[in-house]
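Undergrad: Here is what each chain is made of, one letter per residue.
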Amino acid sequence: MKHPEIPSFAYRLFKWFCKDALFEELEGDLEETFLRNKEKYGLKKSRRIYTMEIFKLIRPSVLKRKSDSGSEYQLALLAGYTSIAVRNLKKHKLFSFINIFSLSVAMSAGLLVIGMINDLLKFDEFHENKHEIYRVLSTPYFNAQENKTRATSPLSLAEELKLAIPGIEVTQLGRRLNGLAEVNEKHIGVNGIYADEHFFKIFSFDLQKGNAGSVLKNPHSIVITEGFAEKVFGEINPIGEPLAIDGFGTFNITGIVANPPKFSHLQFDVIGSLSTVQLHVNSGILSASHNGWNDPALYYNYIFIPENREKQQVNNWLNTSTPSFFPKPEEVRYSFELQRLDKILPGPNISDSIGPKMIMLPIIILSVIAAAILFSAIFNYTNLSMARALKRAREVGIRKLNGATRKAVFLQFIVESTVLSVLSLGFGIVLFMVLKQEFITLIPRGSEVLNLELSPELILWFGLFSLITGLVAGIAPSVFFARLSSLKALRSSGSLKTLSRVNFRKVLIATQFALSIIFILAIIITHKQYRFSMNYDLGFNKENILNITLLENDPSLLKTELMKLPEVSEVSFSSYIPGIGGSWNLRLVDPRNQDSVWVNTMNIDHTYLNNLTIDLVAGRNFEPGENDNNEQSILVNEKFVKNFGLGTPQDAPGTLFNVGGNSVEIVGVVKDFHYANLEQEIYSFVFRNNSHYQFANVKLATSDLISSLEKIEKAWYTVDTRNEMQARFFDDQIEEYNSFLVNIMKLFSFIGFLAISISCLGLFGMAIYSTEIRLKEIGVRKTFGASEGALIYLLSKGFLKLVSWGVVIGTPVVYLMFDRVILNQFFYRPTISFFDLSSGIFLLLVVCLLTIITQTWSAARSNPSSILRNE
Amino acid sequence: MKGTNLGEFQEIVMLSILILDDKAYGVTIQEEIDRRMKRSISRGALHTALTRLEEKGFIVSEYGEPTAERGGRRKRYYQVSNKGMATLKEAKELRQDMWNLIPKLA
Chain A
0 MKHPEIPSFA YRLFKWFCKD ALFEELEGDL EETFLRNKEK YGLKKSRRIY TMEIFKLIRP
60 SVLKRKSDSG SEYQLALLAG YTSIAVRNLK KHKLFSFINI FSLSVAMSAG LLVIGMINDL
120 LKFDEFHENK HEIYRVLSTP YFNAQENKTR ATSPLSLAEE LKLAIPGIEV TQLGRRLNGL
180 AEVNEKHIGV NGIYADEHFF KIFSFDLQKG NAGSVLKNPH SIVITEGFAE KVFGEINPIG
240 EPLAIDGFGT FNITGIVANP PKFSHLQFDV IGSLSTVQLH VNSGILSASH NGWNDPALYY
300 NYIFIPENRE KQQVNNWLNT STPSFFPKPE EVRYSFELQR LDKILPGPNI SDSIGPKMIM
360 LPIIILSVIA AAILFSAIFN YTNLSMARAL KRAREVGIRK LNGATRKAVF LQFIVESTVL
420 SVLSLGFGIV LFMVLKQEFI TLIPRGSEVL NLELSPELIL WFGLFSLITG LVAGIAPSVF
480 FARLSSLKAL RSSGSLKTLS RVNFRKVLIA TQFALSIIFI LAIIITHKQY RFSMNYDLGF
540 NKENILNITL LENDPSLLKT ELMKLPEVSE VSFSSYIPGI GGSWNLRLVD PRNQDSVWVN
600 TMNIDHTYLN NLTIDLVAGR NFEPGENDNN EQSILVNEKF VKNFGLGTPQ DAPGTLFNVG
660 GNSVEIVGVV KDFHYANLEQ EIYSFVFRNN SHYQFANVKL ATSDLISSLE KIEKAWYTVD
720 TRNEMQARFF DDQIEEYNSF LVNIMKLFSF IGFLAISISC LGLFGMAIYS TEIRLKEIGV
780 RKTFGASEGA LIYLLSKGFL KLVSWGVVIG TPVVYLMFDR VILNQFFYRP TISFFDLSSG
840 IFLLLVVCLL TIITQTWSAA RSNPSSILRN E
Chain L
0 MKGTNLGEFQ EIVMLSILIL DDKAYGVTIQ EEIDRRMKRS ISRGALHTAL TRLEEKGFIV
60 SEYGEPTAER GGRRKRYYQV SNKGMATLKE AKELRQDMWN LIPKLA
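Line by line, the protein sequences give chains A and L. Anchor point for the first sequence: position 253 equals 252 in numbering that gives the first Met the number 0, and the numbering is continuous, going up by one each time. Anchor point for the second sequence: position 14 equals 13 in numbering that gives the first Met the number 0, and the numbering is continuous, going up by one each time.
For the record, the hints were derived by calculation from the structure and aren't laboratory data. Don't take every hint at face value.
Stated by the list, open to error - The calculated DSBU-like cross-link candidates involving lysine-lysine, where the alpha carbons are at most 35 Å apart (straight line), are: (1) L:K88 - A:K18; (2) L:K37 - A:K39; (3) L:K37 - L:K22; (4) A:K327 - A:K638; (5) A:K745 - A:K147; (6) A:K775 - A:K90; (7) A:K39 - L:K22; (8) L:K82 - A:K37; (9) A:K55 - L:K88; (10) A:K44 - A:K129; (11) A:K18 - L:K22; (12) A:K55 - L:K55; (13) L:K55 - A:K63; (14) A:K44 - L:K22; (15) A:K90 - A:K487.
Please construct the entire structure, taking both the sequences and the accompanying hints into account.
TA: Okay, structure coming up:
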């Protein structure tokens, strides 16, 4: 035996790995050294030296060889365990069903998340230089106030950078080459980007026809994708053909590129040459300030940096040299940073992205939820296996008497759980296939970034996942049975202390129900926010209004045509649609102190207020044509009056401000309304009347919307012969804007359903086994006159207590989560009431009670004579 | 000559065994090396060297009687074999020859 002062962990480890033939000598030597060291250095240090010595002994010449028996023997053993496992699963059908069902539904959630992560990790992997390409990000500071980081950066940045660091390679991209392409009388929508001639050198897009260095060099050159070429030109060779894009002029096709891979953050049908942009400025399509340092909203710089040293150099330059390029840094300036290509997607939430994006937060949330669900199912397995210990104990006892080692018993139970989890994987994959489309639509912008294709690689991951699940699920029961001594196992079953793990099991069940209540309440609260958002008075009328995108048509011409229809009662114009999240900014200068302030704005015509029934609090509305030649009047909201300290709304009219060089007068004050959304607080807001409109708001007088829509469409084509009418009903738009809440609700419902069914199945299983164990007790109680009601109460109260614990733990968690975090995203939100919480709790308790009663009821009604007959 | 090569550490282990004469077992060898070389070696490193030497046939070992001082476990005593002795001498002579050839010291 070992000396008592020797660290027992190290000793046991050593005994485990050391060859038996060497053990006596080495252990003796080590102990002797240990005792000498103790004399020399004291106990603590000698123990430490001993442990270190043990670790240093882990070397091939000391390690035990694998078991003497060959691998064939091992395989046969494994096969034997597998067939025992299958037999056991068949024998206990209910147990197997509960476990396979709960594991496979839980796995399907896990599989969806694995599939999603697998897809996202593939993004931009195809670029050869993926670790050496960096995108320049910019963070704007307006009046020294930090704004959201953007993916765009100024066009002039590359020129300056190339001057500062000679030989550095940069490719520049531009966005929004979007419009209708016209080829051979066919109109086809096109989504494109601009890029300069270095594009194909730095990125690994597959240019199939054309010279990589020159296809994007000349103005009005364009490279089209294979798919687009096929769609538009069919069999004809498109090289050299003209391609007219509405609003951008005619391009000359110089090359064909393979369709961009699905997993690329750059997506396009066509790539126009960036040199075209300057010509667009000349022809007025783009404003002259497009390449200034102050407004880098359209362009992207991608820098190729092969070495670390240069990255430091570029970073230094971005940090120290760029501030001098801004004409008025105290008003507007940007700070720049580098983002590596493979960190773009999934990556941080950056605005003005050029293509699809995906932030980390939903991925993390979904992973955590999936893991929670999976653990819930694993708890079930663990719980039910331990509960069945009574029945399995005899089997284990006999095995052990026949010479089975702990290891053998452990392996047997691990194999059993693994077989179960592999079976569940089969059903899990079926569920995965059924659910994946729905899942993709639930994820914000999911269809752009996911396809969840069942590739061999993914199946491999799934297999690994199910093996791990099996191991984790099996570990607790396996250890339990492996440790069971044969004597205890074979003694009369009553004395077996299966319930020694009772606390562990209780905690597991309570945790499951805590999860269930969290999801139930999450559904209820999200639904409440959705109803709140839909019914909230936004401060304007959205009923019976059709919003038509104007495109380039003359507003007054369209209005004349539309007003001819009897169904149309009024037509107004505006620059954007309120209530669906967007807002425009405007810089106002207060002439009293020359302060410039950013406010929210919108352009409207004089009929708009009436059309949307936005109330005037003071002053007057715009008069027709009053701002046509020279902008001289604006309307403001009540918040504006308050924020600028103009006194009461009645005092405000007459105050002067400067807008874009013009002096304008406040002529009226409107009631506050929600021009953006419920997430943002209402801020100072200005209505302008400068005839830059994008939408016509058509008020319909009838409720027959379908037929009036047809007539309106006819009227549209009398004005615009080229473009299709793009029209949406206002209330539909608002509903669609809030549909993300519906998606969240669907997600919670799906997950909540999983969580509840898994926990209830677990509860059901536990109820079966525990009533079985107590059957004799019930018989005795009944002969002594216990009533059925009392027995049901007796059997159920333990479980209800556990469920209640779950509720007690889960409710505050969900309340805090929603009250403090999630609903805090909304400035205007409902409060979570006691009633909301209690209705969810009540629902859960009823479901649980029903589950338990199915078992306790029949047990309580059983005839005591048939139970006790065998005694 | 492959297989009879003697590493520096192995040579030191064999010399220690010779010095210790009939008291050479794990702990004493380890201490001898610690003392002479002023460097602490792990039992694991020593074990590897002893195994190699025994494989090559340079040393032989046998178990002693159980003693109380180490919980009744037997010690394993090592001795240098004739073959080992010959190899050691050969190594020494080779060195001596080379030393003799250095002109400055001559």
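Undergrad: So if I understand the rule, the pair passes when the alpha-carbon distance is 35 Å or less; does K775 of chain A with K90 of chain A pass?
TA: holds, 24 Å
Undergrad: Assess, step by step, whether the Cα of K18 of chain A is no farther than 35 Å from the Cα of K22 of chain L, and give holds or violated.
TA: holds, 25 Å
Undergrad: Can the restraint linking K44 of chain A and K22 of chain L be considered satisfied, given a maximum Cα separation of 35 Å?
TA: Holds, at about 27 Å.
Undergrad: Are K90 of chain A and K487 of chain A close enough, with their CA atoms no more than 35 Å apart?
TA: Given that 35 Å is the threshold and the Cα spacing comes to 24 Å, the pair holds.
Undergrad: Hey, K82 of chain L versus K37 of chain A, does the alpha-carbon distance stay inside 35 Å?
TA: Violated. K82 of chain L to K37 of chain A sits at ~39 Å, over the 35 Å cutoff.
Undergrad: Starting from K44 of chain A, check that the Cα of K129 of chain A is at most 35 Å away, please.
TA: violated, 51 Å
Undergrad: Verify the proposed pairing of K745 of chain A with K147 of chain A, using a straight-line Cα cut of 35 Å.
TA: holds, 30 Å
Undergrad: Is the hinted pair K88 of chain L and K18 of chain A satisfied, with a Cα-Cα distance of at most 35 Å?
TA: holds, 34 Å
Undergrad: Decide if the proposed pair is consistent with the structure: K37 of chain L and K39 of chain A, CA atoms, cutoff 35 Å inclusive.
TA: holds, 16 Å
Undergrad: Between the alpha carbons of K55 of chain L and K63 of chain A, is the straight-line distance 35 Å or under?
TA: Given pair K55 of chain L, K63 of chain A holds - Cα atoms ~22 Å apart, limit 35 Å.
Undergrad: When you check the alpha-carbon spacing of K37 of chain L and K22 of chain L, does it fall within 35 Å?
TA: holds, 21 Å
Undergrad: For the pair supplied as a hint, K39 of chain A and K22 of chain L, is the alpha-carbon distance within the 35 Å limit?
TA: OK: K39 of chain A and K22 of chain L at ~22 Å, within 35 Å.
In summary, the numbered hints that this structure violates are 8, 10.
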